[in-house]
Amino acid sequence: MNDVRVVAAGDAALVAEFDDRIDVSVNRRAIAVAQALRHASLAGVRDIVPAYRTVTVYFDPLRVDAAELERQLRAAAAVEPDARELDGPLVHVPVCYHAAFGPDLDVVAQFAGIGGREVVDLHASRDYRVFMLGFVPGFAYMGTVDLRIALPRRSAPRAAVPAGSVAIAGGQTGIYPSQTPGGWHIIGRTPLALVSLDRAAPSLFAAGDRVRFHEVDLAAFEQIARAQEFVP
Amino acid sequence: MNGGLLILAPGLMTTVQDSGRWGRQSIGVSVSGPMDPFAHRLANALVGNARAAATLEVTLSGPAVRFDDPRVVAVAGAEFDLFLDDVPVPQARPMIVGAGAVLRFGARHRGARAYLAVSGGFDVPPVLGSRATHLPTATGGWQGRTLRRDDYVPLGPASPKRHRAPGHTSVTIDAGPSVVRVMAGPDVERFVPEALEALVSAPYHVSVESNRMGFRLEGPVLRHRVKADIPSDATPFGTLQVPGSGQPVLLMADRQTTGGYARLATVITADLGIAGQAAPGDALRFVVCNRAEALLALVRRERPLLALEGAPA
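Protein chains in written order, with this note's numbering: chain A, 165 to 396; chain B, 762 to 1074.
Don't read these hints as lab results, they were simulated from the structure.
Every residue, glycine too, gets a C-beta built ideally from N, C-alpha and C.
Among these hints, one or two may not hold up.
[Claimed, not checked] These stretches of chain A come out as covered by chain B in the derived footprint (C-beta under 8 Å, 3 or more residues): (1) 203 to 212; (2) 380 to 388.
[Unchecked claim] Far from chain A, some chain B residues (derived; all Cβ distances over 12 Å): (3) GLN852; (4) ALA862; (5) ASP911.
Whole structure, please, built from the sequences with the hints as guidance.
This is how it looks when you write it as structure tokens:
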């Protein structure tokens, strides 16, 4: 387990890097190191950010000795991650794949040479892993999507993708937590609120979580959406 | 009921900023905060505020504001003409203003961003522990946006302790192409070996397509070994991210937490404020340094600030 590289990202961040590929076992190691560093609660550390294959630790360069922090990162990386402890909870996400919510279902179906019904079945038939969060608050990069529907992102991004839109691109799937521009193919929508910055736990997802999509119809979508409005 | 600040004229882009929304980048929450962290701290220190108190970041053209109770105020960073009740007043000095006083920013001479600190700090509701405005997600600050005419921004209770002794400004803005030191990496190995030489070979110009998220730079092309794309990864303040065009983007305060382009080099902490003072059309000249040089530069930059912050009021 000595395959970790530690590189500088300026004088105020160190990056622990694992194999250069998008892979569950690599990502698990990155998240394990992030958790070990969080538990260590080191003075002067400002943020710990796991990504697909790396952990970036932000620190105050006047309070933290970079060489010592590098030793800690290497020590944390030398520990074999325990899969049972490391994978987060299974999060169930209702998705309505109605055409009104999935404007790109046809494009995906054409790419795969299958029907829209089969696209939905392929998307909802497996559990995904949250590799990392980024882009905007609460946006989870999840994988891996069935190769048959793993088409690249749109050539022209949309200026405004509605909040809750479930989308796919390049073997990944994700949900837009808020209305933003976006270049992924939109195939459905969830009524769940994914992010709320005034909650103690602002994001529904964390890196390492597993996610299962459940197809719901329009009536169930509306019902869940309404019920959420009454959650204090 | 504490006082507040009435915006008589907003200026081009005036936002509430503090030391940033740290600790939540793992769920995609941007840090935000001041583009010139040293000028922000200097302004706070001059009025006796804590380092993390919220100030107003003023961009290119400044506001006119009215106070409704007595306060100590100071402006640091970019050089503007300043008028207190139409009388010229100096920058980077604490000033006592009375109820009803009007502070107006006039012509700008150097730099792009100034910080207006007021004793007590701006008391907007914190979001995840920070009052910083993140414009792309309309988070924090005053209603998540730039200030407008007739906004009334509340102030915290002014500390009874007096302001600092007038200090000299410790934040210098170089004339001509500003020199910004970088450390190589984190993805220097994804570039051809000549890329770092190209980076330092000529100045880069800040394009008009620049904002608080990042500066698009125009200058020598930086070539990747294979491709520009990387698995999405963290993006510190001051990262030079290079898309396929070979023209770098310098990531600034409102940057996203992660990005998908290779990162050639990263501006050292000591020089973030120099980059933050650049306006569209300005030139930045990059110089590569090592960690020891970066630390020495930071100690030099911090020393006068720490002295001012630690000085008995």
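Hints and how they fare:
1. 203 to 212: holds (count 3)
2. 380 to 388: Contact hint for the segment 380 to 388 of chain A vs chain B: violated, 0 residues under 8 Å.
3. GLN852: Its Cβ never comes within 12 Å of chain A, the nearest being 27 Å, so this holds.
4. ALA862: 35 Å, holds
5. ASP911: Non-interface label on ASP911 of chain B holds, nearest chain A Cβ at 26 Å vs cutoff 12 Å.
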